[in-house]
Each structure stands twice: as structure tokens, then as C-alpha cells.
Amino acid sequence: MKRRRRTEILIQGDGRLATKLADSIAEKYECREVTAPEQGMIMVKMRESAKNSLFYMGEVLITEAKVEVSGKIGTGLLAGMDGQRARDLAVIDAAYKAQLPEASEWESLLLAEEQQIIRGKAQQQAELFETKVSFETMEV
1 MKRRRRTEIL
11 IQGDGRLATK
21 LADSIAEKYE
31 CREVTAPEQG
41 MIMVKMRESA
51 KNSLFYMGEV
61 LITEAKVEVS
71 GKIGTGLLAG
81 MDGQRARDLA
91 VIDAAYKAQL
101 PEASEWESLL
111 LAEEQQIIRG
121 KAQQQAELFE
131 TKVSFETMEV
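Letter by letter, the sequence shown follows residues 1 to 140 of my numbering.
I should point out that these hints are in silico values taken from the structure, not numbers from a laboratory.
Only a predicted model underlies this, so the values are computations on that prediction, with no experimental measurement involved.
Just so you know, not all the hints are guaranteed correct.
The calculated DSS-like cross-link candidates involving lysine-lysine, where the alpha carbons are at most 25 Å apart (straight line), are [said to hold, decoys possible]: (1) Lys-97 with Lys-2; (2) Lys-2 with Lys-121; (3) Lys-20 with Lys-97; (4) Lys-28 with Lys-72; (5) Lys-97 with Lys-28; (6) Lys-28 with Lys-45; (7) Lys-72 with Lys-20.
Simulated DEER-style distance windows between Cβ atoms [what the hints assert, rightly or not]: (8) Val-133 with Leu-109: 32 to 42 Å; (9) Lys-121 with Met-43: 20 to 30 Å; (10) Met-81 with Met-43: 14 to 24 Å; (11) Gln-12 with Met-46: 17 to 27 Å.
Note that the Cβ used here is the ideal one computed from N, Cα and C, for glycine as well.
Generate coordinates for the entire structure from the input sequences, incorporating the hints supplied.
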């Protein structure tokens with residue numbers, strides 16, 4: 001599983017999964033905090049479709065952390081203020097980079113969480129469609 005997909009699942013899904021995975025690594029390996037979770041701002045770049053030019057839409061508050069596990073540094077970065085989840089993401093990223101045996105067992109958990117996210121989005125979409133108003137033209 002690619003890093004981007006894995007990170008999206010861990011951010012959008014239930015935070016308990018990221019904590020569970022990170023704790024399983026922290027119990028067996030030494031996790032050295034390179035950078036404590038800290039907040040910052042990043043500029044969001046967008047492409048304007050008519051002129052096909054880039055512009056900065058605005059700033060987004062982020063939380064970033066870096067952790068070293070078995071000589072590999074992992075990075076956790078997410079929008080908002082969630083230091084614990086940023087640290088968990090960093091530990092998980094480092095575990096994948098270090099190719100720890102535990103990381104190879106996580107794919108089924110991540111895929112199950114992804115399915116849960118998809119079901120939740122589908123349910124939310126269905127709820128939105130229930131409130132949709134049908135406007136019909138009246139013929140005279």
C-alpha cells in the first residue's frame with residue numbers, strides 16, 4: 001500500500017487504529033522523538049483552470065511530528081491540531097520505512113478501515129439525498 005493512501009486512511013478513519021498501530025511499535029522498539037508535535041501554517045496552492053496558472057488560496061493550520069524507529073525517520077503531518085495523531089502517523093511511517101515485520105501485517109487492518117470510511121461516506125451521502133428538495137415546474 002502506498003504511503004499517501006495509508007496516511008489518508010489513518011487520518012480520515014477512527015483515530016484508535018493509528019494509536020493501536022503506533023503503540024504496537026512503541027512496545028517493541030525504541031521510538032526517539034526527533035521533532036515533538038508542533039503546529040504550523042502552510043500555504044494551499046490551487047490551479048486556476050481558465051488561465052492554468054497556480055495561486056495560493058490561503059493558509060491551513062497543520063500539526064507535524066518526526067520520530068525515529070530502528071534508524072529510520074518517519075513524518076506525521078495532518079491538518080488541524082492533533083499532536084497525538086501526528087506522532088502516531090510518524091511512528092507508523094518510520095515502521096514502514098524500517099520494513100518492520102509488524103508493518104507487513106497491517107494491510108488487512110488498513111483495508112478494513114478504508115471500507116469503513118467508504119461506508120460512512122455513502123451513509124452520509126444517502127442522508128443528504130433524503131433532504132434534497134425536488135423542484136418541479138408547474139404547467140399552466
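Structure-based check of each hint:
{"no.": "1", "hint": "Lys-97 with Lys-2", "in the structure": "holds (12 Å)"}
{"no.": "2", "hint": "Lys-2 with Lys-121", "in the structure": "holds (22 Å)"}
{"no.": "3", "hint": "Lys-20 with Lys-97", "in the structure": "holds (18 Å)"}
{"no.": "4", "hint": "Lys-28 with Lys-72", "in the structure": "holds (15 Å)"}
{"no.": "5", "hint": "Lys-97 with Lys-28", "in the structure": "holds (16 Å)"}
{"no.": "6", "hint": "Lys-28 with Lys-45", "in the structure": "violated (40 Å)"}
{"no.": "7", "hint": "Lys-72 with Lys-20", "in the structure": "holds (20 Å)"}
{"no.": "8", "hint": "Val-133 with Leu-109: 32 to 42 Å", "in the structure": "holds (41 Å)"}
{"no.": "9", "hint": "Lys-121 with Met-43: 20 to 30 Å", "in the structure": "holds (28 Å)"}
{"no.": "10", "hint": "Met-81 with Met-43: 14 to 24 Å", "in the structure": "holds (18 Å)"}
{"no.": "11", "hint": "Gln-12 with Met-46: 17 to 27 Å", "in the structure": "holds (21 Å)"}
When the structure is compared with the earlier hints, a violation turns up for hint 6 alone.
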